[in-house]
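**Student:** Kindly produce the complete structure, drawing on both the sequences and the hints.
Here the protein sequences line up with chains A and B, keeping their order. Throughout, the numbering used here is defined as the position within the first sequence, counted from one, plus 1. Throughout, the numbering used here is defined as the position within the second sequence, counted from one, plus 524.
Treat the hints as calculated values from the structure; they're not laboratory data. Nothing false has been slipped in among the hints.
Incomplete in silico selection of chain A near chain B, CB under 7 Å:
| # | residue |
| --- | --- |
| 1 | C104 |
| 2 | V136 |
| 3 | G141 |
| 4 | I151 |
| 5 | V153 |
All residues carry an ideal CB built from backbone N, CA and C; glycine is no exception.
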Amino acid sequence: MAMHQINAFMPDGPASTHHSTIHGKAGSEFDLKQDYVVGPSGSCIAMMRNFYPGLLQADQRYSQVAAEFATRIFEFTEFINNVVGVEKFTGKLNAVVSFHDSCHGLRELGIKQGPRNILRRINGLKLIELPYNEVCCGFGGTFAVKFPEISVAMADEKLKNFDQTKADILVSTDTSCLMHLHGRAKRKGFNQRFAHIAEIMAESIS
Amino acid sequence: MEIEAKHFKELYKKQIVKDRLRSNLSKATLQAVDSREESFKEVDFQFLRAQAKMIREESVSHLNELLSEFEDQARKNGCNIFYAQTPEKARAYVLDVAVRNNVKLIVKSKSMVTEEIELVPFLSEKGIETVETDLGEYIVQLAKEKPSHITTPAIHKSRTEIAELFHEKIGTEMNDDPKFLTAEARRVLREKFLAADMGISGANFLIAETGDAVIVENEGNARLSTSSTNVHVVVTGIEKVIPKFSDLRIFMRVLGRSSTGQKLTSYVSVLRGPRTEEEKDGPREVHIVLLDNGRSSLLGTDHQEVLNCIRCGACLNVCPVYRNIGGHAYGSVYPGPIGSLVTPMYFGEKNAPDLPFASSLCGNCSEVCPVGIEIHHQLLSLRHEIVAARKSRIERFLFKNYRKTMLRPGRYQMIGRFARALSKFSVVRRIMKPWTDYRDIPEFPSQSFREIYKSGKLN
Ligand code: SF4
Numbered sequence: 002m003a004m005h006q007i008n009a010f011m012p013d014g015p016a017s018t019h020h021s022t023i024h025g026k027a028g029s030e031f032d033l034k035q036d037y038v039v040g041p042s043g044s045c046i047a048m049m050r051n052f053y054p055g056l057l058q059a060d061q062r063y064s065q066v067a068a069e070f071a072t073r074i075f076e077f078t079e080f081i082n083n084v085v086g087v088e089k090f091t092g093k094l095n096a097v098v099s100f101h102d103s104c105h106g107l108r109e110l111g112i113k114q115g116p117r118n119i120l121r122r123i124n125g126l127k128l129i130e131l132p133y134n135e136v137c138c139g140f141g142g143t144f145a146v147k148f149p150e151i152s153v154a155m156a157d158e159k160l161k162n163f164d165q166t167k168a169d170i171l172v173s174t175d176t177s178c179l180m181h182l183h184g185r186a187k188r189k190g191f192n193q194r195f196a197h198i199a200e201i202m203a204e205s206i207s
Numbered sequence: 525m526e527i528e529a530k531h532f533k534e535l536y537k538k539q540i541v542k543d544r545l546r547s548n549l550s551k552a553t554l555q556a557v558d559s560r561e562e563s564f565k566e567v568d569f570q571f572l573r574a575q576a577k578m579i580r581e582e583s584v585s586h587l588n589e590l591l592s593e594f595e596d597q598a599r600k601n602g603c604n605i606f607y608a609q610t611p612e613k614a615r616a617y618v619l620d621v622a623v624r625n626n627v628k629l630i631v632k633s634k635s636m637v638t639e640e641i642e643l644v645p646f647l648s649e650k651g652i653e654t655v656e657t658d659l660g661e662y663i664v665q666l667a668k669e670k671p672s673h674i675t676t677p678a679i680h681k682s683r684t685e686i687a688e689l690f691h692e693k694i695g696t697e698m699n700d701d702p703k704f705l706t707a708e709a710r711r712v713l714r715e716k717f718l719a720a721d722m723g724i725s726g727a728n729f730l731i732a733e734t735g736d737a738v739i740v741e742n743e744g745n746a747r748l749s750t751s752s753t754n755v756h757v758v759v760t761g762i763e764k765v766i767p768k769f770s771d772l773r774i775f776m777r778v779l780g781r782s783s784t785g786q787k788l789t790s791y792v793s794v795l796r797g798p799r800t801e802e803e804k805d806g807p808r809e810v811h812i813v814l815l816d817n818g819r820s821s822l823l824g825t826d827h828q829e830v831l832n833c834i835r836c837g838a839c840l841n842v843c844p845v846y847r848n849i850g851g852h853a854y855g856s857v858y859p860g861p862i863g864s865l866v867t868p869m870y871f872g873e874k875n876a877p878d879l880p881f882a883s884s885l886c887g888n889c890s891e892v893c894p895v896g897i898e899i900h901h902q903l904l905s906l907r908h909e910i911v912a913a914r915k916s917r918i919e920r921f922l923f924k925n926y927r928k929t930m931l932r933p934g935r936y937q938m939i940g941r942f943a944r945a946l947s948k949f950s951v952v953r954r955i956m957k958p959w960t961d962y963r964d965i966p967e968f969p970s971q972s973f974r975e976i977y978k979s980g981k982l983n
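**Tutor:** In structure tokens, the structure reads:
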């Protein structure tokens, strides 16, 4: 970040994604006055960008704030591609990776090429696409614990497809998909690595 | 009316362990997904979908006017129209028609609404045999099962399972060639068509302008069911009406592609009343039963768009939940994403309290829906309603505390520190059983990102 004259700032509060919480105080994230707010997960950003404005529509105090805020928040790879400029980044890492499109990144935010553009700028990195890469991994928030058997059956399909690619690392933009897939993979004895795209970028420049 | 969907949690657990079922489903649904995608390459899906959505929205928001226009036209064409508020009333009407005409044998083509009102078991209880003539429905009927998909009722069965079933029930030789099996079914069904005294079908569209019932199919059985007997009854939902005959040009392009990846289905039949003086065949008496069963109560609500559905089945095929548990797990005639919406809406939330939650909200359904229903957003809003109405004590407690925590950065950070420390203890792990029974939990770092960030070590 420092390289590109961006001052990073870590807020104290968490981002809230629950309805009543937003109404309660409209999330402390609204108090952030920075030009950009960046998050490492498509679902959280989708919640704040796509759903806050609707949920707070009737709220005089916050409806405008939410709409304005929605223009300043970015998912990490969106930020790199559309604000920083992906051409400013190059890295080097010898690795064979596969990429998992997270559903909310893909369908709520329309993130598809951005992360791939980033990965392509890492010398030595080979990307092998997953078969059926737009199918959900089965995390789904409370779904993962409400219907765990279904959730892991979906993870197993994903892991089977990942295994077929023979890649060493499954990269994604969403920490929750990764936690779910990695947890299941470990339980099933897979020993590939699961990593957030930011980790891969960091390694490629260090 | 009580339905099995109430017991979804037990039902899906029974289905998900059936490896053969899952592999049948996986093969069939993924093939449908691929064919669908391929077939939309040569047309502009987004354009067609916008048109289809517009027409359906228009239809549903003018449902009353369109229905009365349809009714007038269909009456002019010589049809009898019956509005059934409830499944009971619809069934009683059909039975009455059958009894008045001294009917012993009915040939029936596919109609999800007849499943919804459980018409066939009702008629057979009254001593009237009803034979399903759609191949998939016929298979399911032979197996004494229920359809597990809205367009491909026997999708849960493999070729071999079907061959075994035919061998056992109708004495065919063991041969799992689909051509052979289809010919065998056809042989048996032809006899039934010749002997039947009444036909029942559904309708994909009702045309207000002309009073027509339009039926889309691939096997020709619906055309035969609507024309080979003297009495015909169409059983469908009130929401099926569209304004103009010319509107079909849009739906014909999206329906076949969405269902099976076909540019056009093999048969499109237009039923315009009983036979006229000059016509040599066709029924002498036509009845159209229009079921409400909760549909009109959605008008003017946030859920109205659910009525736009044209029952193409695409949302089921792409759904990874459906693919892993199959249609029977839902305990409803309408399974999959659209089923998780309409089941609680038509049969009451108490009958299907879990279905709106049985989704990872991945949104693949909304992405493929040819009439642009925001299916996963609808599921989410249904969840809001259900939770607001009957939040369990524990859930309320958890969310109250979650809320407090999320509003106070200090408390949030403290809990984070606690959780990291406590995660080593087995009591804590026990609370996380629904997670840890199936997956490992990540090793919690001793320091949070925030702590590392604050310590300045990052720079
Ligand atoms: S909701 Fe949409 S995709 Fe699903 S069956 Fe209806 S029309 Fe097809």
